[in-house]
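Undergrad: Can you build the whole structure from these sequences, using the hints too?
When you line the sequence shown up against mature numbering (1 follows the signal peptide of the UniProt record, and there is no 0), it's residues -25 to -1, 1 to 498, in that order.
Hint data in this document are derived by calculation from the structure and do not stem from the laboratory. Careful, some of the hints might be misleading.
Keeping only pairs whose Cα atoms sit at most 27 Å apart, straight-line, the calculated DSS-like set for lysine-lysine is [said to hold, decoys possible]: (1) Lys328 with Lys282; (2) Lys279 with Lys354; (3) Lys409 with Lys350; (4) Lys350 with Lys403; (5) Lys350 with Lys328; (6) Lys328 with Lys198; (7) Lys162 with Lys279; (8) Lys39 with Lys263; (9) Lys39 with Lys409; (10) Lys368 with Lys350; (11) Lys300 with Lys263; (12) Lys368 with Lys403; (13) Lys11 with Lys409; (14) Lys328 with Lys452; (15) Lys165 with Lys282; (16) Lys165 with Lys279; (17) Lys263 with Lys162; (18) Lys39 with Lys24; (19) Lys368 with Lys409; (20) Lys284 with Lys350; (21) Lys452 with Lys409; (22) Lys284 with Lys328; (23) Lys282 with Lys39; (24) Lys279 with Lys263; (25) Lys39 with Lys162; (26) Lys409 with Lys354; (27) Lys328 with Lys279; (28) Lys198 with Lys162; (29) Lys354 with Lys328.
What follows is a set of in silico ranges between Cβ atoms, one per label pair, in the way DEER data are often shown [stated by the list, open to error]: (30) Glu292 with Asn455: 31 to 37 Å; (31) Asp100 with His333: 51 to 57 Å; (32) Asp217 with Ser311: 40 to 46 Å.
Backbone N, C-alpha and C fix where the C-beta goes; we use that ideal spot for every residue, glycine too.
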Amino acid sequence: MNHSAKMTPALRLLLAFLAIGSCIAADNIDLWPMPKMVSHGTQKLYIKKDITMSMVGSTYSDDKSILKDAFQRMVDLITLNHVVDGMNPSSLVLTCVNIVVHTTEDELNFGADESYNLTVPTTGDPLYAQIEAQTVFGALHGLQLCYFDFTSRLIGLNSAPWIITDTPRFPYRGLLIDTARHYLPVKIIKGVIDAMTYSKMNVLHWHIVDEQSFPIEIPSYPKLWNGSYSYSERYTMSDAMDIVRYAERRGVNVLAEIDVPGHARSWGVGYPSLWPSDSCREPLDVSKNFTFEVIDGILSDFSKIFKFKFAHLGGDEVNTSCWTKTPHIEGWLNNSHMNASDAYRDFVLRSQKIAISHGYDIINWEETFNNFGDKLDRKTVVHNWLGEDVAPKVVATGLRCIVSNQDKWYLDHLDASWEGFYMNEPLKGIDDTKQQHLVIGGEVCMWGEEIDASDIEQTIWPRAAAAAERLWTPIEKLANDTRLVTSRLARFRCLLNQRGVAAAPLAGYGRASPAEPGPCVRQ
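TA: Here it is, written out as structure tokens:
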């Protein structure tokens, strides 16, 4: 039964989402995103103030303390910074969470089993909840409890017993951030990662460099970050490693992007020979081997840091006019018996081979498919952004696809409502089951031209969470009318606020302000 259809605007007691999951509210199911299967009762439990974690029956050893640290984050979060100073009651007190993980694997890989089962009983001595998962990353999603009870001044759990069986609809549930248009401090990026986990998003697409700035250190070509905005607006390789490890311990992969051959003017600040000429600075010079040596050096350095299965090579919005009006490139084109379109294709395919040599599968923006899809390497994932009719064409050729159509899932479009984010269906127009499986997921994109550290959170949230449910929840449990989920998303937005995430009100467009005084859920 889709309990979300019974939601009313009445304010219910909130249950806090924990570090990596959802929430359970009084009197009804109030989870975001909605799990695959849920059942519950009517009893109220309390959580022991010094609740513990055990791993009885688990194959996983937690040598890296992934679960231990996640459990502590959970304990810290559920209080919402309130002082828990009530007296533990004599009965119906949950004393422990036992976590059973059936595999020893603790390396985050694409397609890892993220399913989990959560059981919260009302009988037993001692009384304990149990999370069971195939992998530690599934177990992270199961860490979900409770709310602060202002009467008892304890942590409470309503509507027990609970049984939740859950698994994601798509393996790729992404959010793009852009550190080239405006620099984002490491702390801000980590905050974005934390907020992603609350709605079970699992890929941070890091659009690191672009024509405006090149903020990351590349040891193989150390002058590249001369193209940063300033000396302080940079990331060292150690910073990048820190971000990747921080994300991975929370079940989030980091996808690194270098956008070639266009969007690369900043590369030439440190190495001017990468420009076609001093007066015509992008795309990168296709005629020089040095250009591809630099790409090889970047991807070689990336392969030591970014362990995700994929590398994003861009390939969009390539204006080749610089190539045809620069004498030495025009001569090279003539000698190679190529026109500018041929050179664009050659550049992309050569870059793909370099990425594959470093162990990556490739993601390219859809222009590469639209122009020469039959020539793309079969390891290519086509990233759709221009229109909703592209994904069916991509999967019909046997290639994989990620959906980010800009009219619905671009967060920098402030006039794009959360309702549009929720209703955007990645499989629209794709009826063949085998082809549906080639759509590996979707991604909302926070392009950085008009955001920085001061307003990125309220521009992303809660609209990104609306898309997150579309990507996690089984399609038969998704609402066909956004009015059926409005109150549930409003409570999730309030929970984000209580956790320190500056999520904007649902009413209005992106990063809107509250219209008038009133309770959080009515904004």
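Undergrad: All the hints need checking, so say for each whether the structure fits it.
TA: Hint-by-hint comparison with the structure:
1. For the proposed pair Lys328 and Lys282, the alpha carbon gap of about 18 Å is at most 27 Å, so the pair holds.
2. Taking the CA atoms of Lys279 and Lys354, the gap is near 21 Å; set against the 27 Å cutoff, the hint holds.
3. Between Lys409 and Lys350, the direct Cα distance comes to roughly 22 Å. Compliance with the 27 Å bound is thereby established for this hinted pair.
4. Only pairs whose Cα atoms come within 27 Å are accepted, and Lys350 paired with Lys403 is accepted, the gap being roughly 25 Å.
5. A threshold of 27 Å between alpha carbons decides the hint, and for Lys350 with Lys328 the separation of about 12 Å falls inside it, so the pair holds.
6. Restraint check for Lys328 and Lys198: the C-alpha separation of about 24 Å stays at or below 27 Å, so the hint holds.
7. Pair hint Lys162 plus Lys279 holds up; C-alpha atoms about 22 Å apart against a cutoff of 27 Å.
8. Pair hint Lys39 plus Lys263 does not hold up; C-alpha atoms about 45 Å apart against a cutoff of 27 Å.
9. Distance restraint check for Lys39 and Lys409: the Cα-Cα separation of roughly 38 Å exceeds the 27 Å cut-off, and the hinted pair is therefore not satisfied.
10. A hinted pair counts as satisfied when its Cα atoms are at most 27 Å apart, and Lys368 with Lys350 qualifies at roughly 15 Å.
11. In summary, the hint linking Lys300 to Lys263 is supported, as the alpha carbons are separated by about 16 Å, within the 27 Å threshold.
12. Restraint check for Lys368 and Lys403: the C-alpha separation of about 12 Å stays at or below 27 Å, so the hint holds.
13. A C-alpha spacing of about 22 Å is found between Lys11 and Lys409, which places the hinted pair at or below 27 Å, so the restraint holds.
14. Between Lys328 and Lys452, the direct Cα distance comes to roughly 41 Å. Violation of the 27 Å bound is thereby established for this hinted pair.
15. At most 27 Å may separate the alpha-carbon atoms for a hinted pair to count; Lys165 and Lys282 meet this at roughly 18 Å.
16. Annotation: proposed proximity of Lys165 to Lys279 holds, straight-line Cα distance about 20 Å (limit 27 Å).
17. Proximity of Lys263 to Lys162 is assessed by CA-CA distance (about 38 Å); at most 27 Å being required, the pair is judged violated.
18. With a C-alpha separation of about 25 Å, the suggested pair Lys39 and Lys24 falls inside the 27 Å cut-off, and the hint holds.
19. At roughly 14 Å between alpha-carbon atoms, Lys368 and Lys409 fall within 27 Å of each other, so this suggested pair holds.
20. Distance restraint check for Lys284 and Lys350: the Cα-Cα separation of roughly 21 Å lies within the 27 Å cut-off, and the hinted pair is therefore satisfied.
21. At roughly 22 Å between alpha-carbon atoms, Lys452 and Lys409 fall within 27 Å of each other, so this suggested pair holds.
22. Annotation: proposed proximity of Lys284 to Lys328 holds, straight-line Cα distance about 15 Å (limit 27 Å).
23. Note on Lys282 and Lys39: the hinted pairing holds, with a Cα-Cα distance of about 17 Å set against a maximum of 27 Å.
24. The straight-line distance between the Cα atoms of Lys279 and Lys263 is roughly 26 Å, inside the 27 Å bound, and the hint therefore holds.
25. This hinted pair checks out: Lys39 and Lys162 have alpha carbons roughly 22 Å apart, not beyond 27 Å.
26. For the hint linking Lys409 to Lys354, the alpha-carbon distance of about 17 Å falls within 27 Å, and the restraint holds.
27. Our distance criterion of 27 Å between C-alpha atoms is met by Lys328 and Lys279, whose separation comes to about 18 Å.
28. Annotation: proposed proximity of Lys198 to Lys162 holds, straight-line Cα distance about 25 Å (limit 27 Å).
29. For the hint linking Lys354 to Lys328, the alpha-carbon distance of about 10 Å falls within 27 Å, and the restraint holds.
30. For Glu292 and Asn455, the Cβ-Cβ distance of about 35 Å falls inside the hinted range of 31 to 37 Å, so the restraint holds.
31. The hinted range of 51 to 57 Å is satisfied by Asp100 and His333, whose Cβ atoms lie roughly 56 Å apart.
32. For Asp217 paired with Ser311, a C-beta distance near 43 Å keeps the hint of 40 to 46 Å intact.
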